[in-house]
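**Student:** Take a look at the letters that make up each chain.
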Amino acid sequence: MKSTLAISSIIFTVSILTLPMVWSDNDFNWEKISDNSSALATTKNPLYKEECGSCHMAYSPALLPAKSWSKLMSELEDHFGDNAELDAQTAQSISQYLLANSAEHTNSRDARKFFQSIKSAQTPIRISDIPYFKHEHDEIPQRMVTKNPKVKSFSQCDACHAKAEQGLFNEHEVNIPGFGQWDD
Amino acid sequence: MKNTILLTALLSSLTTGFAQAETSTVKNLLAVYSTQGVTTADAQQGRALWQKTFTGKADFPSRSCASCHTKDLTQTGKHIKTNKPIKPMAPSVNPQRLTSVKKINKWFKRNCKWTMGRECTAQEKSDILVYIENESKF
Chain A
1 MKSTLAISSI IFTVSILTLP MVWSDNDFNW EKISDNSSAL ATTKNPLYKE
51 ECGSCHMAYS PALLPAKSWS KLMSELEDHF GDNAELDAQT AQSISQYLLA
101 NSAEHTNSRD ARKFFQSIKS AQTPIRISDI PYFKHEHDEI PQRMVTKNPK
151 VKSFSQCDAC HAKAEQGLFN EHEVNIPGFG QWDD
Chain C
1001 MKNTILLTAL LSSLTTGFAQ AETSTVKNLL AVYSTQGVTT ADAQQGRALW
1051 QKTFTGKADF PSRSCASCHT KDLTQTGKHI KTNKPIKPMA PSVNPQRLTS
1101 VKKINKWFKR NCKWTMGREC TAQEKSDILV YIENESKF
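First to last, the protein sequences are chains A and C.
The first sequence begins at 1 in the numbering used here and counts up by one.
The second sequence begins at 1001 in the numbering used here and counts up by one.
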């Protein structure tokens, strides 16, 4: 009996202590995650740059977990409404690169925040659907992005983050076309 | 003076190099299409197809080649969804165009499917190729 009580109290104490670490939409403590470099890995792979970067910014592979890249690469025929089919060999090389450099393998603090905000049951393929992405952009009104013809979508990182291709997303360097500097 | 001559020679040989690569690439592809039943490649037809509007899904119900590449092949285009600039299609202003069979096949496949909802026929591809190649005559 005594030992049951002791175990229960230990479980209770541990639960209370770890409760704040459990992810919830509003009170997740982003700063808890240890600080390394904030820059995201930039894209050095020439094949990825050529094949993916000719239509859109070549997003850092660290922005999505491996399961997301796998899903996205298996659906290239309907790639957010566009056809982005690749021959099997090219697709395999790009997949290898993406999986080897996905969010799980990053040293970047920012990329880890993206990764840790994703619930285990989710497989987002749109970077702008990731909870941490939403958290970081929730104060930006529609008229500045989706209704702004110079931006059009949250997917065009480099429209407002001039150094996005270099993996730099400093919030003090945000410049929204037609609206100017954004600082929150 | 000598330098200028050398430079001019170098530049013109480079340009000629691209032009030759482009001519032979197109020739090779046309030869392939002729084995698939194409007898003549018609640039006028290619131009008409380039500007023809097709019905598509969702965000872009009306779409054509020109949606992204514009009607003027010497101009820089813009990806209709991502806004990313697309270098001009005309070899006269962008000598790298039509120099890689692999690239041509890749983009024909993707872009025909997006624009028309199916792959282009050998006839359509032949027409488009000679249209792009001879764009300056239109």
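Note that these hints are calculated values from the structure, not bench results.
For clarity, every value in this text was computed on a predicted model and none was experimentally measured.
Using N, Cα and C, we set each Cβ at its ideal position, and we do this for glycine too.
One thing to keep in mind: the hints can contain errors.
[Claimed, not checked] Okay, derived cross-link-like pairs now, SDA-like style, lysine to any residue, Cα gap no bigger than 25 Å in a straight line:
1. K147(A) - A1090(C)
2. K119(A) - K147(A)
3. K1071(C) - C1120(C)
4. K1106(C) - A1090(C)
5. K1084(C) - S54(A)
6. K152(A) - P1061(C)
7. K1081(C) - T1053(C)
8. K1081(C) - Q116(A)
[Stated by the list, open to error] Selected chain A positions facing chain C (in silico; Cβ < 8 Å):
9. C52
10. H56
11. D82
12. A84
13. A88
14. S128
15. K152
16. Q181
17. D183
[Said to hold, decoys possible] Simulated restraints, written as ranges between beta carbons of each label pair:
18. K150(A) - A1031(C): 22 to 30 Å
19. K1087(C) - Q96(A): 45 to 53 Å
20. A91(A) - N1028(C): 21 to 29 Å
21. H172(A) - D1059(C): 30 to 38 Å
22. A1066(C) - H172(A): 20 to 28 Å
23. K1137(C) - N83(A): 28 to 36 Å
24. Q96(A) - K1071(C): 37 to 45 Å
25. N83(A) - V1093(C): 51 to 59 Å
26. H137(A) - D1059(C): 16 to 24 Å
27. K119(A) - S1092(C): 26 to 34 Å
28. D87(A) - A1021(C): 33 to 41 Å
29. S1092(C) - H137(A): 27 to 35 Å
30. A1031(C) - D87(A): 34 to 42 Å
**Student:** Hint by hint, note whether the structure agrees.
**Tutor:** Structure-based check of all given hints:
no. : hint                           : verdict
1   : K147(A) - A1090(C)             : 33 Å, violated
2   : K119(A) - K147(A)              : 29 Å, violated
3   : K1071(C) - C1120(C)            : 19 Å, holds
4   : K1106(C) - A1090(C)            : 18 Å, holds
5   : K1084(C) - S54(A)              : 8 Å, holds
6   : K152(A) - P1061(C)             : 17 Å, holds
7   : K1081(C) - T1053(C)            : 17 Å, holds
8   : K1081(C) - Q116(A)             : 29 Å, violated
9   : C52                            : 11 Å, violated
10  : H56                            : 4 Å, holds
11  : D82                            : 6 Å, holds
12  : A84                            : 6 Å, holds
13  : A88                            : 13 Å, violated
14  : S128                           : 13 Å, violated
15  : K152                           : 6 Å, holds
16  : Q181                           : 21 Å, violated
17  : D183                           : 24 Å, violated
18  : K150(A) - A1031(C): 22 to 30 Å : 45 Å, violated
19  : K1087(C) - Q96(A): 45 to 53 Å  : 28 Å, violated
20  : A91(A) - N1028(C): 21 to 29 Å  : 25 Å, holds
21  : H172(A) - D1059(C): 30 to 38 Å : 33 Å, holds
22  : A1066(C) - H172(A): 20 to 28 Å : 41 Å, violated
23  : K1137(C) - N83(A): 28 to 36 Å  : 30 Å, holds
24  : Q96(A) - K1071(C): 37 to 45 Å  : 40 Å, holds
25  : N83(A) - V1093(C): 51 to 59 Å  : 26 Å, violated
26  : H137(A) - D1059(C): 16 to 24 Å : 21 Å, holds
27  : K119(A) - S1092(C): 26 to 34 Å : 53 Å, violated
28  : D87(A) - A1021(C): 33 to 41 Å  : 21 Å, violated
29  : S1092(C) - H137(A): 27 to 35 Å : 43 Å, violated
30  : A1031(C) - D87(A): 34 to 42 Å  : 21 Å, violated
When held up to the earlier numbered hints, the structure conflicts with 1, 2, 8, 9, 13, 14, 16, 17, 18, 19, 22, 25, 27, 28, 29, 30 and fits the remainder.
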